[in-house]
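Since the structure of chain A is provided, determine the placement of chains B, C and D on it from the hints.
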Amino acid sequence: MTTSRFTRRGVLKTGAVAGAGVALPTIFTAGSASAFTNEPKGDTVTFGFNVPQSGPYADEGLDELRAQKLAVEHINGEGDGGMLNTFSSKALDGTGLLGKKVTYVTGDTQTKSDAARASAKSMIEKDGVIMINGGSSSGVAIAVQGLCQEAGIIFMAGLTHSNDTTGKDRKKHGFRHFFNAYMSGAALAPVLAKAYGTDRKAYHLTADYTWGWTQEESIKAATEAVGWQTVKTVRTPVGAGDFSSYLTPVLNSGADVLVLNHYGRDMINSITQAVQFGLRDKVVNGKQFEIVVPLYSELMAEGAGEAIKGVYGSMNWNWQLDNPGTKAFVKSFGEKYGRPPSNSAQTCYVQTLLYADAVARAGSFNPCAVIEALEDFDFDGMGNGPTFYRGADHQCFKDVLVMKGKENPTNQFDILEIVELTPRAQVEYAPDHPMFAGGTLGECNPGD
Amino acid sequence: MLGLNRKDTTFFLIVIALTLFTPFLMQPFGETSPLAQFNGGYPDLMAKVAIFGIFAIGFNILFGLTGYLSFGHAAFLGVGSYAAVWMFKLLTLNVFPAVILAVIMSGLLALLIGWISLRRSGIYFSILTLAMAEMAYRLAYSVLTPLTNGETGLQVRPTDPRILDGPGAADYPNLFGLELSRSWRLEIGDHLFTFNVGYYFCAAFAILAFYISLRIFRSPFGLMLRAVKANQQRMNYTGLNPKPYTLAAFVISGMYAGLAGGLMAAMDPLAGAERMQWTVGGEVVIMTILGGAGTLMGPVLGAGTIKYLENIFSKINENVLHDWFSFLPDGLENAVVWILSRFTGEGWALTLGLVFMLVVAFLPGGLVEGGQRIARLLRRRGGKGEGGAGGGEETAHTSPSTPPAAE
Amino acid sequence: MDQIILQFINGLDKGSAYALIALGLTLIFGTLGVVNFAHGTLFMLGAFCAVVMQRILTLSAITIDPTQKDFLGRPLEVKTPYVELWFGHDIGQLLIDWAVPLSLLLAIPFMALVGWVMERGIIKHFYKRPHADQILVTFGLAIVIQEIVKQIFGANPIPVPAPKAFSGSLDFGVLLGFDPNVIVYPYWRLVYFLFSSVILAAVFAFLRYTTFGMVVRAGMADRETVGILGINIDKRFTIMFAIAAIVAGVAGAMYAPINSPNYHMGMDFLVLSFVVVVVGGMGSLPGAVLAGYLLGILESFASMNVIKDALPGIDQIIIYLTAIVVLLLRPRGLLGKRGVMED
Amino acid sequence: MGILEVKNVNKSFGGLHALKDVNLSVRENTVHAIIGPNGAGKSTLLNVLVGKLIPDTGSVMFDGKSVLGRKPYEINQMGISRVFQTPEIFGDLTVLENVLIPCFAHRDGVFRMHAFETVEREAAMIEMAERILEDVNMADKRHAHAAALSRGDKRRLEMAMCLVQEPKLLLLDEPTAGMARANTNSTIDLLKEIHEKRAITMVIIEHDMHVVFSLAQRITVLAQGTPIVEDTPENIKGNPKVREAYLGTAEV
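Residue numbers (the working numbering), protein chains in the order written: chain A, 1 to 448; chain B, 1 to 407; chain C, 1 to 343; chain D, 1 to 252.
Chain A with its partners taken away, still in its complex shape (with noise of 0.2 Å):
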């Protein structure tokens, strides 16, 4: 007991931590607290990785999981660099942060945004985590930004797709790189106005969601604008496994084109089944029926199989596309992994990396200082083209992708064609738009 030494820690607002001191017996008397939630002492930093390892999107969560480990590695300097080679701001020089070596730990979101806080929480506690990466689900984004806010530290969310992350929930320590359902909106409506003309009618399937209504509305919207009508959105139960009974009044509801807002295992489902009940074998109103699913991911695509073929959706970035960014990223995680890396990888992998730049340039880890590197951050060379990280709301501005299940692929990888890259200018909104507004970023919050 002679060389004890006590601090406290956890501690969120100063100013009641005084009093408190006081009221306790001697020994607890305050000692060296820290500047900020965690700040990492030794010769390391840790890293979070928050991920979903059970659950259905287990596989999406290995994913991202391989590209946040190969993320670290190029930090730390191991590896061939990947992204570090083509980013443009190099204050990164691949000998870890600040001095210090990057470690990681990780844990298990099961896309349940109770499991999430529970395990972002003992990351925070127990491993003493900096900031955290990761996550398949907007509900999942948004309950571990909320905590991370809370605690004082960083999240770089993965994918989450609802507008809400950062639009009502947008939070002052939660930067989305990933694009959102407005974005997914504005870029496909113009493609599909193109391909299936102005002139159609929309059926609208919807998981029974947060998500899946903002993507609704969005793509509402989006395709409302170009002159497609409404005929009826429908809200389907999460986890129906069985479609069919909201697939049968699709043909005869007067609709020539079906939107299925759902993702993940919902999606795969939905989408095989509506091609079973030969949907895109019809014709109505003199037009081929066509279907489109706003939201696509490789796993998706490959649990899917041949029904997407030909089908319409957006993605935040794909592996084939052709810059230095994208080339780098795939060459070191295709060498390393065997495959090429889903967009999902890639956008926890810019994260990690965009989050390791900012501690670089602020020179410190505290949030309040990364945060504001990360504000109003422009840069280049992650896959996306120029990019730009919006102070106002956290959200990355970058070209949305258009997709198409191809039709004839030559591999397993090769099962989606980029159709178009659309600009940056195209899919901008101001960050007080209705479908986005009435959320506030709240104050930088160090801990303690």
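Keep in mind the hints are simulated off the structure, nothing from the lab. Keep in mind that this is a model prediction, so the values were computed, not measured. Where hints are given, some of them may not hold.
Unchecked claim - Pairs of lysine-lysine residues, derived as DSS-like cross-links and limited to a Cα-Cα distance of at most 25 Å, are as follows:
1. K164(C) x K404(A)
2. K172(A) x K89(B)
3. K79(C) x K331(A)
4. K232(A) x K69(C)
5. K79(C) x K406(A)
6. K331(A) x K69(A)
7. K52(D) x K243(B)
8. K141(D) x K243(B)
9. K309(A) x K164(C)
10. K282(A) x K164(C)
11. K141(D) x K7(B)
12. K406(A) x K164(C)
13. K79(C) x K336(A)
14. K164(C) x K220(A)
15. K79(C) x K309(A)
16. K69(C) x K336(A)
As the list claims (entries may be wrong) - Here are some of the chain A residues that sit facing chain B, going by a computed Cβ distance under 8 Å:
17. Q53
18. T106
19. K112
20. D114
21. E125
22. G146
23. D208
24. W211
25. T233
26. R235
27. D322
28. G442
29. C444
30. P446
For glycine and all other residues, C-beta sits at the position ideal for the given N, C-alpha and C.
Then chains B, C and D, alone, in the frame of chain A:
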């Protein structure tokens, strides 16, 4: 003391001591020790153990005593959380009103669900509770979003009215100003111990919950509940209507679940619909059985074991395993790591399933029975050895008017 | 009108899957008196039989084609399935195309084996234990099987298409005198409906017209007497369990094109199949089938837009709501025998 | 007027007319046996008496009140206790606890929580339970697990559980079924003693004529759902109708 006999008083004091010293007990390894991985003494996990301990103690009052197997208790957990968060949003971030409303709301829901479900018994009862919980979950996830905020979960926002909180009030759940998330850390040499307000808050409730459960076990009411399990026919022909007893047990266990839900919200003010899913209800079943249904200490042990495994086991990924077995020759190391990694990290659910099956098959009395068997074995070996943890428990099962089973 | 006909067909089709799962569950409960929470998992294993069959048929020889490049710009490894090499391209493609129906050849022996192992290894030790213990041990088993499948096949659903001959849909409405495109239904789902009817008929015929079936039915009615008659009931129990596993397995294999197999689908069907059995009446085979179709139809009707608009969310809870109402009004289920776990 | 009056009770199951115009009067403080060949309707009658079955027509009055439509536990509260063919006891509990439950039931009625009282402090209840265990010679087994008792002991325990409630009427459904002769005799002695000491009215349904003639003061003979005769044991023995319907084929 407190209406307990001497033996129970000792038992209760031991439980209190264990609860108070959990920050030490769950943190046995130094920070730089290679076994630091197995330390579980951080606030979130300790509070989880206390909270799920409460949940399981309550569930045990229903299942352990009356034998009614409910798969729907997750619904009460969820309602407790929602009620608590609504209190945070509308009234104050002080946790007391929240916890009280959580208990009341879950009690009311339990009264309703229990009144319907208890018209049946056996598997029908299980299916009914399952159906109710699944309904509650699905509604909370989608249609009831205005009340529950659906997938994202209900959370506290700066714009909430919080009419009882003045302008200077704390921004996080607090106990009359003392924030639950606050911790003190004590470093002794290489060891680091964390004392968290929230944990002790939950622990106080856990002790209270345990005390009430102890009193119920020892009471005529507890005796009646055990009679329900033993023989409903005889109970009827003894002039007793089993229904009100079971319903009371159901409501009490529902309130326990609501308390657990309220505390969960207090520790982390976000209530997600997933905690109403029937698999969460299944988890508390697993906890209770694993620890030992119908015993006092069993549910707490089960809850602690599962929460610990979930948090610690699931973090043992392949890298960690490679570190441990690096002393082996390469081929062997890879083989060992490959096999073990099937059961750790993301494969921990497999371990849980296996352990659970083995316990149900070979150790119906759960860990408590296991402890007793070992204690008995030791006693037989070494003449008069220590009773171990199971010692106090042995009498806990039977009535206090009974001396310990003759050895 | 057309909507009602359409949802009715849809309900029958949905119900056929429910009926098949519930049938196996009831067989096990009726003869063995065991409440099997792992039954949904057997369905899932069946679906993975289709995946395995597809993988077997597409086992490929690898050749390097320097004219094509893979995603890293290396020469592409071209895979040619052995069946194409052995039987020629056309027959090989046909075999691969018919992987799902062919998988029944795999599913039947495999599921029989699984059933046998499960019954001999675990279930038989639980005949005398309380129902709660049976529920718990099979619940644990379900978790274990599911996790093993996940470790082998991953968490992502695996597409298993139906044979091309059955792609597209039948325009039912035209046959009934409606306009085209009013009532259409996919061929494969119609095949599934017929298939399940055949299986149901086969099981009922088996129980009615074979000595074995007679003994089993007698056993369902009165287990003790049959035991006293000196009939080796043990062996028959094992066979019954295997049959129930096969029924669940083939139901799952044929369902693979409709619902891409994933490790979790067993749990998704578990709750549902129990609800079906309970509504039909624990231990009643016709009850299980009837309840399967009934719940399928109710679910379909509940998801009609008119009804959904009037009662939001009703389609999500209709099954559970029905179960609660039936259990309260008619505790022994629609066709349940008097006195079988009635209280 | 008897303590138990059964009037014109009819009960059929589908086509089977199990009870036909049953009339029965049991006088207070007698031991009344109901005998009859298998399928005569004895068990059905008993189930009607305890409220498990509701007759199609007729009335059953106990102590001046109708028992029809009441739940088994309500009928028990009126003062009717029942001993089953296979002893129904609380197997998971100890012998003492088994007896404590009817003690509490007797004191509290249908439902009282008592969640914060302690069983071991209920001295009066424990004393009452211990006393009855003494009476049935089971005091030394008070801490034994009830499920582990011998069949005879289970029967005694069940009897003790009924007696402690001080019922006005004790229904016994073949109390010696499956017992060895020695056990049967000791049960007979026990029942006799109970009857003499406590003055409880008993209705016994029994196959074993040895038991019947050792205990009963009145006997009703049921045949095909109808009582054909009711009389004292001595007269029953000589009654040709009974001989024809029953005793001719009986083993005694």
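Hint-by-hint comparison with the structure:
no., hint, in the structure
1, K164(C) x K404(A), "holds, 22 Å"
2, K172(A) x K89(B), "holds, 21 Å"
3, K79(C) x K331(A), "holds, 23 Å"
4, K232(A) x K69(C), "violated, 45 Å"
5, K79(C) x K406(A), "holds, 19 Å"
6, K331(A) x K69(A), "holds, 15 Å"
7, K52(D) x K243(B), "holds, 17 Å"
8, K141(D) x K243(B), "violated, 31 Å"
9, K309(A) x K164(C), "holds, 15 Å"
10, K282(A) x K164(C), "holds, 17 Å"
11, K141(D) x K7(B), "holds, 23 Å"
12, K406(A) x K164(C), "holds, 19 Å"
13, K79(C) x K336(A), "holds, 22 Å"
14, K164(C) x K220(A), "violated, 34 Å"
15, K79(C) x K309(A), "holds, 21 Å"
16, K69(C) x K336(A), "holds, 18 Å"
17, Q53, "holds, 4 Å"
18, T106, "holds, 6 Å"
19, K112, "holds, 4 Å"
20, D114, "holds, 4 Å"
21, E125, "holds, 4 Å"
22, G146, "holds, 6 Å"
23, D208, "holds, 4 Å"
24, W211, "holds, 7 Å"
25, T233, "violated, 14 Å"
26, R235, "holds, 7 Å"
27, D322, "violated, 35 Å"
28, G442, "holds, 7 Å"
29, C444, "violated, 14 Å"
30, P446, "violated, 14 Å"
Violation of the numbered hints given earlier is confined to hints 4, 8, 14, 25, 27, 29 and 30; the remaining hints are satisfied by the structure.
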